[in-house]
Amino acid sequence: MIWAIVLLPLLGALIAWFIPDNRKRPFVLPVFGVLHLAMTVALLVSTPPASPNGWIYLDSLGKLTLLCNSVLFLVCSAYAVGYLSYRRRRNNRILCMALLDCLAAMTLVTMSQHLGLLWIALEATTLAMAPLVYFNRNARSIEATWKYLLICSVGIAIALLGLFFLAYSTIVANQEVSLLLGSLISDASRLHAGWRHAAFIFLLVGFGSKMGLAPLHTWKPDAYGEAPGLVGALLAGGLVNCALLALLRVYQIAVASTEGALFQDVLLAMGLVSMAFAAVFMARQSDFKRMLAYSSVEHVGIIAVALGLGKGALFGALLHMINNAMTKGVLFLSSGNIHRAYNSKSTQFVRGAIKRAPWSGALFLAAFLAITGSPPFAPFVSEFMIVSSAFVQGNHWTGGLFLLFLAMIFIGMASTVLPLVMGKTPEGMEKTPYRDTVATVLPPLMLMGVVLVLGVWIPTPLQALLQDAAGLLGGGR
Amino acid sequence: MNSLADQLLVLCLLINFAVLGTSRLAFSVRAVAVQGVLLGVLPALVHPFSWHLAMIVVSIIAVKGAVIPILIIRAVKKAEIQREFEPFIGYIPSLVLGAIFTSVAFIFAAKLPLAPEHEGLLFVPASLATLMCGFLVLMGRRKAISQVIGYLLMENGIFIFGLLLAEAMPVMVEAGALLDLLVGVFVMGIVINHISREFSTLDTSKLSTLREG
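Residue numbers (the working numbering), protein chains in the order written: chain A, 18 to 494; chain B, 19 to 231.
Bear in mind the hints are in silico, worked out from the structure with no lab data behind them.
Everything numeric in this text was worked out from a predicted model, so none of it was measured.
With the C-beta cut set under 7 Å, the calculated list includes, among others, these residues of chain B facing chain A: (1) L130; (2) E173; (3) L183; (4) A186; (5) V191; (6) G194; (7) G202; (8) V205; (9) H212; (10) E216.
Counterexamples of contact, computed for chain B against chain A with all Cβ distances above 12 Å: (11) L22; (12) L32; (13) A36; (14) F67; (15) S68; (16) V76; (17) S77; (18) E98; (19) F103; (20) I107; (21) G108; (22) L113; (23) A117; (24) I118.
The beta-carbon is built from N, C-alpha and C at its ideal position, and this holds for glycine as well.
Start from the sequences, fold in the hints, and give me the full structure.
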């Protein structure tokens with residue numbers, strides 16, 4: 018059963034390969050999206066026992082990520098059908114296959130308890146995404162793909178060295194060598210300190226660059242800006258969460274060792290730097306998709322700050338991981354629609370989207386309000402938890418800077434988004450065939466519904482799952 | 019046996035300098051391939067024989083020594099370029115920096131203790147030095163192919179360290195890591211091909227439309 022959920026999307030990729038018709042092929046995506054979500058729910062309800070060698074097990078952190086990825090993928094796959102009908106002339110075979118391969122790899126990430134396996138799956142997500150970033154096949158997208166591929170590959174290679182260091186620290190400590198999460202956590206304080214220290218640094222740099230924490234974020238604006246909207250949504254929601262999960266595994270080991278406090282301080286600093294970078298670069302962006310990339314840098318920063326604070330903020334961090342993924346989904350999908358409606362993503366030309374594409378414009382505006390932390394949307398709740406935890410812990414500087422950056426980002430983003438949605442369309446803009454249809458609007462609309470509901474009410478099972486996962490991060494077993 | 023292993027590691031370090039000091043792409047690719055073969059031989063010298071080990075040796079030599087170099091050489095031929103041109107960091111500065119990095123690697127490695135069975139081996143400094151030299155090539159060169167060579171050098175550095183764990187690591191992890199590397203280089207090869215078609219050059223400093231500001 019548990020292997021079936023990894024193999025299922027691969028089967029889908031195989032089927033997509035064999036379908037010759039460019040129009041019918043995209044329908045494979047939602048079919049497998051639904052099947053994947055159904056299996057995910059089944060796995061969440063009845064957790065299968067760990068595999069005999071302990072490599073595969075779905076703990077509550079993995080469950081959260083899996084659920085989040087599965088929902089996001091279903092929405093994106095439903096959207097893909099409508100989106101690809103506007104891009105008929107472009108062959109979508111590779112797109113469909115890469116999307117499903119990426120889903121398989123993302124699923125494997127969520128249930129790996131062996132860090133080596135986790136690394137392999139994470140690298141596979143990076144590679145599966147590369148052809149997706151290059152979907153538009155022009156000079157700009159190849160530049161973005163090259164940067165993405167090189168920086169992420171190098172980053173993740175450094176993480177591999179970190180893993181080797183971690184494994185070697187168990188040898189030096191005269192223990193059986195192991196990269197199983199459970200045994201690493203229980204032996205964390207007995208591992209050799211020097212090697213362990215070096216391992217944490219390399220792992221933080223490696224997974225941090227894949228997550229896009231500043232100053233390792235430089236590939237993000239390019240890749241997010243040039244990739245199609247639905248790929249951007251999966252990058253900002255799915256891939257970021259997979260890299261975050263890898264970082265959380267390291268976090269679990271760090272907290273169990275004596276170096277927890279140092280690791281948290283570094284995360285806190287990197288988080289604040291990410292928010293500062295985003296606040297500076299967000300203002301006056303001339304490309305609205307690149308602006309969304311800086312928003313992604315901001316939100317991984319927020320999560321890193323919350324992890325750095327620890328204690329009460331951990332629940333907020335995990336909730337924010339979900340909220341960010343869902344809201345980014347809405348932002349990228351609706352921005353993809355707006356991009357189609359204007360055939361441009363320069364804020365100089367794209368104005369008054371509410372008239373040209375009323376639903377997409379309204380969704381973009383609502384998601385902007387949500388992502389900047391306005392009530393009653395879900396990110397408000399998680400950001401409030403994090404910042405109040407900072408003040409409760411007496412960490413006034415962090416709390417103050419956090420609020421300052423949020424305010425700067427709100428202003429910076431509003432100065433781009435408001436004219437884009439509400440402004441007056443420039444004279445003589447070319448007409449495009451794009452009109453808001455059910456196929457391209459309903460998926461992000463549903464996702465926006467989720468963001469709104471999570472803002473006012475967290476279902477009890479999700480609440481329990483979040484608490485359980487936060488307990489794992491707090492040092493519980 | 020261990021002294022032979024150390025000699026091979028020194029050879030790996032020398033290959034780093036050969037790559038740092040040359041502008042000829044085909045030569046660099048071959049040098050990295052030779053390094054890959056050395057990497058394949060090394061575990062046989064430090065660990066006692068087992069079938070698991072034999073598989074590692076064969077697959078590393080096949081992937082790093084043959085498949086990947088062939089992929090890159092093909093990309094070099096297709097793009098019809100032979101040399102790196104006006105690198106960001108010149109060849110002499112590269113060599114000097116490489117020497118500095120190598121000595122830093124030795125100092126750093128001295129602070130980290132080895133397990134008793136690996137005492138006195140050069141694995142850690144060789145690994146770190148190769149990693150940093152690879153990074154230097156990656157950052158200092160313009161051509162996309164040079165950057166891939168830098169990436170491979172980095173990967174070799176990481177693998178040198180991984181060899182210490184060759185016995186302890188499960189086969190699946192090693193196979194997976196090699197496979198990821200292979201697919202990665204394959205994808206990079208395709209991208210290189212598209213870069214040369216799109217820009218009719220492989221100069222990555224031409225890839226600058228997406229600069230900030």
